[in-house]
Structures are given as structure tokens and as C-alpha cells.
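Asks: Sequence:
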Amino acid sequence: MDINNMNNITYITDGNLFKPGNISAMRHAIRLSGIANASTQALFSATQYLPSLVGNQNIAARRLVELETRVREIATVMPISLDVSLRSFEQLQKEQINANDADLQEIAEDLESEMTAIRSTIKHQAEQLNAALAPVAHALDRLTTNGYLGTFESDNQFQRKQIEATQAQITALRASRDEVSSAINLIQSPDFASIANDTLLTAENLLKSGMDAPQTAKVEAAIEVIRKLIGEAEKGFTLLNLIEQRDSMTNRLSTFTRDVRALEDQTAANERFIELIKGVYQFDECRGQAVAEATNVLATLDNVLVHAGRLDVKEGAKLEEIIQTLRALAHYVGGLS
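Take any residue in the sequence shown, count from 1 to its spot, add 49: that is its number in our numbering.
Hint data in this document are derived by calculation from the structure and do not stem from the laboratory.
Some hints here could point you the wrong way.
[Claimed, not checked] Below, simulated DMTMM-like cross-link-like pairs (lysine to aspartate or glutamate); rule was C-alpha separation at most 25 Å, straight line:
#1 K172 with D308
#2 K363 with E122
#3 K143 with E163
#4 K367 with E144
#5 K172 with E122
#6 K327 with E313
#7 K68 with E334
#8 K172 with E139
#9 K172 with E161
#10 K143 with D351
#11 K210 with D190
#12 K68 with D159
#13 K143 with D361
#14 K367 with E139
#15 K68 with D361
#16 K367 with D159
#17 K172 with E115
#18 K327 with D204
#19 K68 with D333
#20 K363 with D150
#21 K367 with E161
Input sequences plus hints: build the corresponding full structure.
Replies: Right under this line is the structure:
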């Protein structure tokens with residue numbers, strides 16, 4: 050019987066009786082699941098999202114710790130029981146060599162009794178491990194949560210585009226308001242009338258200097274605008290209009306700013322929801338890794354139990370195979386600690 054070592058676990062290759070399991074990986078996965086669960090619970094406390102899912106995950110996190118405890122117990126208890134049985138089997142094996150018929154019958158009964166006891170021990174540990182595995186064996190049904198994830202990620206993409214467009218409007222509107230504010234400041238300045246009259250005089254002089262028809266039309270139009278501006282400014286109309294325009298722009302800026310904040314708040318809320326779901330997924334992946342390793346341990350116990358049950362302990366060759374199998378199992382479970 051070929052005994053090898055993989056991932057610190059001893060297993061028998063013939064018949065694939067022993068299933069290799071990386072117990073260090075199982076413990077690491079359980080630790081990571083605890084971290085993921087703590088993060089998810091913190092997000093839930095802040096958001097109250099998915100209470101049922103998060104609650105079930107919290108229970109599963111405790112069950113994973115119990116699963117690790119169960120594996121540790123197997124690593125602690127079984128080697129002792131197996132060592133006692135091995136010593137008994139080896140002693141009885143020696144006694145068979147020179148035993149008479151009556152003694153052989155008694156030895157056979159002792160072998161049967163010892164075999165029953167060790168099979169009972171293995172069966173009990175397998176049942177205990179199976180009970181610890183059952184509450185965490187099922188993977189998360191991701192159909193609903195994938196739907197949530199897709200919806201919120203899509204919403205955030207749309208909202209980010211809205212934020213970008215609104216911020217562009219804010220930038221343009223602020224620039225326009227700055228221009229209006231500059232015009233207001235100019236009109237309100239003591240030098241406005243002088244500046245306007247100088248500009249008007251310059252335009253009129255250009256017109257008198259002789260210009261092409263298109264240029265003349267432009268200058269005449271500019272002169273008309275300047276005269277109108279001066280007239281309205283003298284009456285206060287232009288200033289009032291500009292102030293109203295500036296105030297209107299300010300109100301629109303306030304509205305746009307509130308809209309952006311609302312979109313940013315909603316995007317942040319969606320991000321927390323997405324983060325929570327991804328935390329649940331991370332937990333589920335760690336749970337799956339831990340379960341896979343523990344399942345190999347359970348399969349090994351079941352395999353040994355079935356295999357040992359098929360061997361007639363009273364036959365010399367079969368007894369030797371049982372001894373070798375139990376010795377390998379002792380190495381195997383010893384590596385679970």
C-alpha cells in the first residue's frame with residue numbers, strides 16, 4: 050500500500066481511498082469569511098439592506114467556525130483512538146502466530162470486537178462532521194442578488210453621466226453669471242458713463258472716417274446698442290434686468306447643485322449596496338472553499354469506514370490491510386490539526 054503526502058495530508062493512492070485536503074487552506078478560507086462577514090454586517094448596520102440574506106450569512110459564519118472546531122476535534126480525538134486500536138490489532142496479530150484453535154477463536158472474537166469499536170469511532174466522527182457541514186453546504190443562490198447587482202451598477206452608470214452633464218451645465222452657467230456680474234459691476238462703477246460715451250465717440254469717429262458698406266452697417270448697429278445701453282442705464286432698466294438675470298442664474302445654479310448632490314448621494318447609496326452584495330459573494334466563495342476541504346475529510350472517513358467493513362478481520366492478509374489503513378488514517382487525521 051503506497052502512502053504519500055500532499056498538502057500536509059497523508060493519503061492512500063490505491064483506490065483513491067483517502068481524499069487529499071488542504072486544511073491550512075480551509076482555515077484561511079474561514080478566516081477570510083469572518084472578515085467578509087464583519088464587513089457585510091457593518092454595511093448592513095449602516096444601510097439595513099438585505100436583512101434576511103445578511104442574517105443568514107451571519108449564522109453561516111458561526112457555523113463555519115463550528116466546522117473548523119469539529120475538524121480540530123477529529124484531529125485531536127481520532128489519533129488517540131486509532132493508536133489504541135492499532136496496538137490491539139498488532140498485539141492480536143502477534144498472538145495469532147503460535148495460537149491453538151481455541152486461542153484463535155478467542156483472538157478472532159477480540160479482533161471483531163476491536164473492529165466494531167474503531168468503526169463506531171470513525172462513524173461517530175463522520176456523523177459529527179456531516180452535521181457540522183450540513184448548515185453551510187449550500188451555495189448562495191445568486192439569481193436575485195445578480196439582478197440587484199446589475200440594476201444598481203446600471204443605475205450608477207446612468208447617474209454618473211447625469212452628474213457629468215449637470216456639472217458641465219453648472220460650469221457654463223457660472224461663466225455666464227460671471228459675465229453678467231462683470232456687466233453689473235461695470236454699470237455700477239462711477240466711470241461707466243464716461244467709458245460708454247468714449248466708446249460711442251470712437252464708434253462715431255470710425256463711421257465718419259469712411260468705411261465699406263458692411264463695416265458701416267456693423268458700426269451703426271454697435272452705436273445703436275451703445276446708445277440704447279446708455280439710455281437704459283440712465284433709467285436703471287439695464288441694471289435691473291442684469292440683476293434679475295444674475296439672480297435667476299444663481300437660483301438655477303442652486304437647483305443644479307442640489308440635483309448633483311442628490312445624484313451623488315444616490316450613487317453612494319448604490320455603491321454601498323453593491324459593496325454589500327460583493328461582500329456576500331466573497332463570503333460565499335470562502336465558505337465554498339472551506340466546505341470543499343472539509344468534504345474531502347468527510348469522504349475519507351466514509352471511504353475508510355466502507356473499506357474496513359468489507360475486510361474480514363480474521364484473515365491474516367486482510368488484518369494486515371486493516372492495520373495499514375488505520376495507520377494511514379491516523380497520519381491523515383493527525384495532519385488536520
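Asks: Evaluate each hint against the coordinates.
Replies: Consistency of the hints with the structure:
1. Under the criterion of a C-alpha separation no larger than 25 Å, the hint pairing K172 with D308 is inconsistent with the structure, at around 65 Å.
2. For the given pair, K363 sits about 31 Å from E122 by alpha-carbon distance, which is inconsistent with the 25 Å threshold.
3. Of the supplied pair hints, the one linking K143 and E163 holds, its CA atoms being roughly 15 Å apart against a limit of 25 Å.
4. The straight-line distance between the Cα atoms of K367 and E144 is roughly 16 Å, inside the 25 Å bound, and the hint therefore holds.
5. At roughly 14 Å between alpha-carbon atoms, K172 and E122 fall within 25 Å of each other, so this suggested pair holds.
6. A C-alpha spacing of about 21 Å is found between K327 and E313, which places the hinted pair at or below 25 Å, so the restraint holds.
7. Simply put, K68 and E334 have alpha-carbon atoms about 21 Å apart, close enough for the 25 Å limit, and the pair holds.
8. The hinted pair formed by K172 and E139 meets the criterion: a straight-line CA distance of about 22 Å does not exceed 25 Å.
9. For the proposed pair K172 and E161, the alpha carbon gap of about 16 Å is at most 25 Å, so the pair holds.
10. With a C-alpha separation of about 29 Å, the suggested pair K143 and D351 falls outside the 25 Å cut-off, and the hint is violated.
11. At roughly 32 Å between alpha-carbon atoms, K210 and D190 are farther apart than 25 Å, so this suggested pair is violated.
12. A C-alpha spacing of about 30 Å is found between K68 and D159, which places the hinted pair above 25 Å, so the restraint is violated.
13. With a C-alpha separation of about 17 Å, the suggested pairing of K143 with D361 holds against the 25 Å cut-off.
14. Taken as a hint, the K367 and E139 pair is honoured in the structure, with Cα atoms around 13 Å apart against an allowance of 25 Å.
15. Among the hinted pairs, K68 with D361 is consistent with the structure: their alpha-carbon atoms are about 24 Å apart, no more than 25 Å.
16. Of the supplied pair hints, the one linking K367 and D159 holds, its CA atoms being roughly 15 Å apart against a limit of 25 Å.
17. Under the criterion of a C-alpha separation no larger than 25 Å, the hint pairing K172 with E115 is consistent with the structure, at around 19 Å.
18. A threshold of 25 Å between alpha carbons decides the hint, and for K327 with D204 the separation of about 17 Å falls inside it, so the pair holds.
19. Proximity of K68 to D333 is assessed by CA-CA distance (about 23 Å); at most 25 Å being required, the pair is judged to hold.
20. Proposed proximity of K363 and D150 is supported: the alpha carbons are some 13 Å apart, at most 25 Å.
21. The suggested pairing of K367 with E161 holds, with an alpha-carbon distance near 13 Å, which does not exceed 25 Å.
Comparing the model with each numbered hint stated earlier shows that hints 1, 2, 10, 11 and 12 do not hold.
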